[in-house]
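Chains as they are written, first to last, in this note's numbering: chain A, 272 to 550; chain B, 13 to 348.
It is possible that some hints are incorrect.
[As the list claims (entries may be wrong)] Simulated restraints, written as ranges between beta carbons of each label pair:
1. A:Phe476 to B:Glu115: 37 to 43 angstroms
2. B:Glu134 to A:Ile393: 42 to 48 angstroms
3. B:Pro249 to A:Tyr373: 40 to 46 angstroms
4. A:Leu387 to B:Glu115: 42 to 48 angstroms
5. A:Leu336 to B:Ser147: 55 to 61 angstroms
6. B:Glu115 to A:Ala494: 53 to 59 angstroms
These aren't lab readings, by the way, just hints derived from the structure by calculation.
Each residue gets a CB set at the ideal place from its N, CA and C atoms; glycine is no exception.
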Amino acid sequence: MSAARRNPLNSAAAHAALLAYVAIALFPVFVIVINSFKDRRSIFREPLALPDAESFSLIGYQTVLKQGDFFLYFQNSFIVTVASLFFILLFGAMAAFALAEYRFRGNMLMGLYLALGIMIPIRIGTVAILEMMVATNLVNTLWALILVYTAQGLPLAVFILSEFMRQVSDDLKNAGRIDGLSEYTIFLRLVLPLVRPALATVAVFNMIPIWNDLWFPLILAPAEETKTLTLGSQVFIGQFVTDWNAVLSALSMAILPVMGLYVIFSRQLIRGITSGAVK
Amino acid sequence: MTALVLKDVCKSFGAVDVLRNIDLTVEDGEFVVFVGPSGCGKSTLLRVIAGLEDATSGDVEIAGARVNAVPPAKRGIAMVFQSYALYPHLTVKENMALALKQEGTPRDVIAARVAEATRMLELGPYLDRRPADLSGGQRQRVAIGRAVVRQPKLFLFDEPLSNLDASLRMATRIEIAALHRSLSAAMIYVTHDQTEAMTLADKIVVLRDGRVEQIGSPMELYNNPANRFVAGFLGAPAMNFLDAATLGGPGGATLGIRPEHLRVTDAGRIKGTVAHVENLGGDTNIIVETGAGERVTVRVFGQYPCTVGRSAALDFDDADAFLFDAAGARLVAEPA
Chain A
272 MSAARRNPLN
282 SAAAHAALLA
292 YVAIALFPVF
302 VIVINSFKDR
312 RSIFREPLAL
322 PDAESFSLIG
332 YQTVLKQGDF
342 FLYFQNSFIV
352 TVASLFFILL
362 FGAMAAFALA
372 EYRFRGNMLM
382 GLYLALGIMI
392 PIRIGTVAIL
402 EMMVATNLVN
412 TLWALILVYT
422 AQGLPLAVFI
432 LSEFMRQVSD
442 DLKNAGRIDG
452 LSEYTIFLRL
462 VLPLVRPALA
472 TVAVFNMIPI
482 WNDLWFPLIL
492 APAEETKTLT
502 LGSQVFIGQF
512 VTDWNAVLSA
522 LSMAILPVMG
532 LYVIFSRQLI
542 RGITSGAVK
Chain B
13 MTALVLKDVC
23 KSFGAVDVLR
33 NIDLTVEDGE
43 FVVFVGPSGC
53 GKSTLLRVIA
63 GLEDATSGDV
73 EIAGARVNAV
83 PPAKRGIAMV
93 FQSYALYPHL
103 TVKENMALAL
113 KQEGTPRDVI
123 AARVAEATRM
133 LELGPYLDRR
143 PADLSGGQRQ
153 RVAIGRAVVR
163 QPKLFLFDEP
173 LSNLDASLRM
183 ATRIEIAALH
193 RSLSAAMIYV
203 THDQTEAMTL
213 ADKIVVLRDG
223 RVEQIGSPME
233 LYNNPANRFV
243 AGFLGAPAMN
253 FLDAATLGGP
263 GGATLGIRPE
273 HLRVTDAGRI
283 KGTVAHVENL
293 GGDTNIIVET
303 GAGERVTVRV
313 FGQYPCTVGR
323 SAALDFDDAD
333 AFLFDAAGAR
343 LVAEPA
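Only chain A is shown next, with the shape it has when bound in the complex (with noise of 0.2 angstroms):
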């Protein structure tokens, strides 16, 4: 270990700097919570002060507990968060196999080609996309959202994972083949337990840009049914008047499962980066 990392005083400054950024990185969320425990006017008052015996109040969560499709939009948000999720790295994991694995003809261009939705934003093609839902009968359906952000994370989730899966020996997939397993066990088995760390990461990275999205839900399935939890919030934003302690309950809600599938994938991450480096 170099000198510079065993000085304590670099350790502390390197502490503090990480300290630093995490307050700066909480401090908004910090914010919607307390706030979210406080009655309208202590929040107007004091936005910084924690709830005390006088402020403390759950008027917000009342409100958006009342509210009777909130738990609706909620499950609505999981379900398009999780299968889409699961879709991109289904078929992005497929899709990186072949191009890392297979020597075949167009292989680089294809490569290219499925990168290229890295650089260009899918919302250029919404109209587009609405008329293809139209046509097929998607408006209002979960299913359109599904495919949409299935077909908005792929680009990435292909890039990374067939980087990574490049690396993935391949001596261990011959051996593999030499001991008689098949092609779908090479993949299953052996190469996506290796990338299992590329998958957290891909998983988080887009984890959080379709659970916050209000853009697709608005055009693609406003309905009352079919509304994500973005969606559903804007109930509380009126042009006039806005329920400030419902927006921020429904806000501090919303962090929840995000969080709870974030320290399940950060939890996979950690021990792909471990096991690795013990080897």
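Position chain B against the provided structure of chain A, taking the given hints into account.
Frame of chain A; chain B shown alone:
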């Protein structure tokens, strides 16, 4: 019966010819070593035999049957890789049993074969561990065990010792030789290390640029190399090559002489100064720089006091020398 026949095998990746017209026969129970510098195509040839690559043209026959279109798992072969290639999620026992399970072998047969391989390779204490918990040498033994349990007609080894340290390499080399004696199966072994080739092989195949340079027993190749490349590749330290004209030979030819065939005398034909001395204890390598700027290695048995910078004269018996023409081919008619 023959274990393997290669007929006119060629392999090219696009415009690059990696293997050119390889013909080879491996008898049952024979230990054949493919040796050559890196990039000579030896690993590709092994992968063609295994079925991991398709030959561009030519035939591969294993145990009398043409296997060009047979998948690797059904060719009756087993392979040991340089990087061990153990399945990280399976224990040692499961690693060895996997191929048999895939073939649908009855459970009691699998257990018996795994037990036999475990005994042979002394893997008993590690059976329930995962590859990550084993040392390099242990992993390579598991990889060999995984090959042994299949009872293949043909073993393929792809530089199996390259990742081991020197002492372990020698121990494992002896283990592989013992394994070959006890199994009496044909083995093909790829290496770039000429010591492994010389010590293990019944038959050495020297490859260069995708072509077979010479095939023969280790001593045949050592005593009677077909060309300058084979002469220079086998033997350590390598053979010395000198301009034959300066030593009374034909012009344009190169004279090759092995370091152990040179001796230090008072009045030798090669004169120069000692540039470096390597004392190995058992023997001594003296590097002499001649007047023409050529470096000649002399190998003297035992310990030999010698100082850098003193002048030295070297001599040799003409019977020990080889002559090569400018293109590298042997000049003298080969003695019977």
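Here is what the structure says about each hint:
1. In this structure the hint that Phe476 of chain A and Glu115 of chain B lie 37 to 43 angstroms apart at CB holds, the actual value being about 42 angstroms.
2. For the pair Glu134 of chain B and Ile393 of chain A, the supplied restraint of 42 to 48 angstroms is violated, since their beta-carbon distance comes to about 59 angstroms.
3. Between Pro249 of chain B and Tyr373 of chain A the Cβ separation comes to about 45 angstroms, which falls inside the hinted range of 40 to 46 angstroms.
4. Hint check: Leu387 of chain A to Glu115 of chain B, Cβ distance near 44 angstroms, so the stated range 42 to 48 angstroms holds.
5. Range check, Leu336 of chain A to Ser147 of chain B: Cβ separation about 59 angstroms, and the 55 to 61 angstroms hint holds.
6. Distance hint check: the CB atoms of Glu115 of chain B and Ala494 of chain A are about 55 angstroms apart, consistent with the given range 53 to 59 angstroms.
When the structure is compared with the earlier hints, a violation turns up for hint 2 alone.
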